[in-house]
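Novice: What follows is each chain in one-letter form.
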Amino acid sequence: MITDLFAQIGKTVIDCLSYVGALAYLVARATYCVVVGPFQKKRVRWKRAVSQAAEVGVRALPILSLITFFIGLILALQSAYELRKLGALSLVATAVAITVTRELGPLITAILVIGRSGSAFAAEIGTMRVTEEIDALETMAIDPVEFLVVPKFVAMIIMMPCLTLWANAMGILGGALFGVTEANFTWGRYLRSSIDALYLHDITTGLVKSIMFGITITAVGCYEGLSTGGGAEEIGRSTTRAVVLSIFLVILVDLIFTAVFFAGNQ
Amino acid sequence: MAEIERESTQPEGPVISVRDLRVQYGEREILHGLSFDVTHGETLVILGGSGSGKSTLLRTLVGLEKPSAGQIWMKGQDIAATSRKGLNEIRKKLGMSFQGGALFGSMTVGENVALPLREHTDLEDSTIEIVVRLKLNQVGLLGFENYMPSELSGGMKKRAAVARAMAMDPEILFFDEPSAGLDPIIAAGIDHLIVQVKKAFRMTIIVVTHELASAFLIADQMILVDKGNIVAHGTPEEMRSSTQPRVRQFLDRVAEPEVSQELDYLQMLTGGPTNTGQVAGWRRGV
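From first to last, the protein sequence lines are chains A and B.
Per this note's numbering, the first sequence runs over residues 1 to 266.
Per this note's numbering, the second sequence runs over residues 267 to 552.
Please keep in mind that the hints were generated in silico from the structure rather than gathered at the bench.
Positions of the beta carbon are idealized from the N, C-alpha and C atoms, including for glycine.
Do not take every clue at face value.
As the list claims (entries may be wrong) - Restraint ranges, calculated between C-beta atoms of paired labels, are given here:
no., chain 1, residue 1, chain 2, residue 2, range
1, B, L400, A, V208, 50 to 56 angstroms
2, A, G230, B, E295, 17 to 23 angstroms
3, B, E395, A, L255, 50 to 56 angstroms
4, A, T3, B, H298, 33 to 39 angstroms
5, A, P38, B, T305, 39 to 45 angstroms
6, B, R294, A, M1, 29 to 35 angstroms
7, B, A347, A, R43, 26 to 32 angstroms
Between the sequences and the hints, there should be enough to build the whole structure, so can you do that?
Specialist: Structure (structure tokens):
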């Protein structure tokens, strides 16, 4: 009975590790294609990467702006609730700026990109798997990773930091709306105190995290797509798995990197 | 010109030699040691019912499935043992037309046909454009370059897939169920296209199908695969005159003897003392 339990735990651990291993292998292959490929007369498909970048990045801007603006506003309201008691309402700008740039900007961007693009990667590649398009690529001697996955990685690694920077700006702007209407700030003064509150590493740690999130989201989405079984049902299942696992892994990666940065700062 | 060159350099003997080919999915063996040869310029039709292993055989021949044992000699190389790079070199000389066409939905028909050329040759865009028009003309789709695959009918998709498979002037052309899901007239059109290609380019063609009419129309050689074994191999005439029960059953379209006795069903349900396992296993194999 107890051995069954241990066997089950062992199996789960092995499954998790082999999944992470598979993701790492995919990332390694994609990296190889980008870094070593050009020296072997293989080109990186910049055109496909650019169209992916437009899809992943540019089209996400309106909804991302709206969400992070609201998040900034919510953060300002929540922190004001406590800060008002201390008579330190002017610290709202600092609180919002630090929370948004260090944590919520990258995280909310990642969650939105998972919903928009991670799921789309899994569905697109999964459909191609089911309709034998991946097989067709292979029989044409075209590597599906190089052809499909690499442009997505390139697009994500470029667009995630850009989106995150934009999200940071919009979050601070959301906070500013509260500051101006409720806390006797002017727009200029609010932005000034936000900038004063931030160190460069607040922004860079957020950006580093966002790149890691981008890699995670692409790896999970593409891996789930590539390992789709036969049938339309399976596409749905891989898409769901891609979203759920990406959210989980992004938060795990977030935790790891935040801990590393924290330890590095001591 | 490529045609002439190819013929003069083509050595005598089989283009494809399959020896004791075994394929396993997990624990289950799908193909139990198949051996056959395909000679240059020959059209081989692989016949078989659903689940007989014929599609697995085709997928293994183009390197999509790894055999668990045996050899597949193609162009003097064993593709079962070669590296990924070596396999890709051979694949550039193969063309494959998939059951549903497998055209890339995000590209136009023209871009689909042009893809292997863009990937593997240094041809100029203008040259590629001409080749694409030529290939589309061969399959009767000239003028459809800028259509998306979703705008084409089933038969046209298959034609476009054939054009893409022929883009690199392959030496061996594979077809997976070319007439599946098409109405008889369109299906006959695809058969006609295969015959045309065969005549015009003297390509080695391998077709997997269960459509008897089209099989007899295009085949030089036929293989009947049943439950992962080759049960018959011969010319269409030899097949027609075969007296082997499994061949006769397939060609005469005789249904599997039904397990229709009520008693058997009852015993199957209750797990009674008949040969249930045997019956279930046999039904699964069908």
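Novice: Honestly, which of those hints from before does the structure not fit?
Specialist: Result: no hint breaks.
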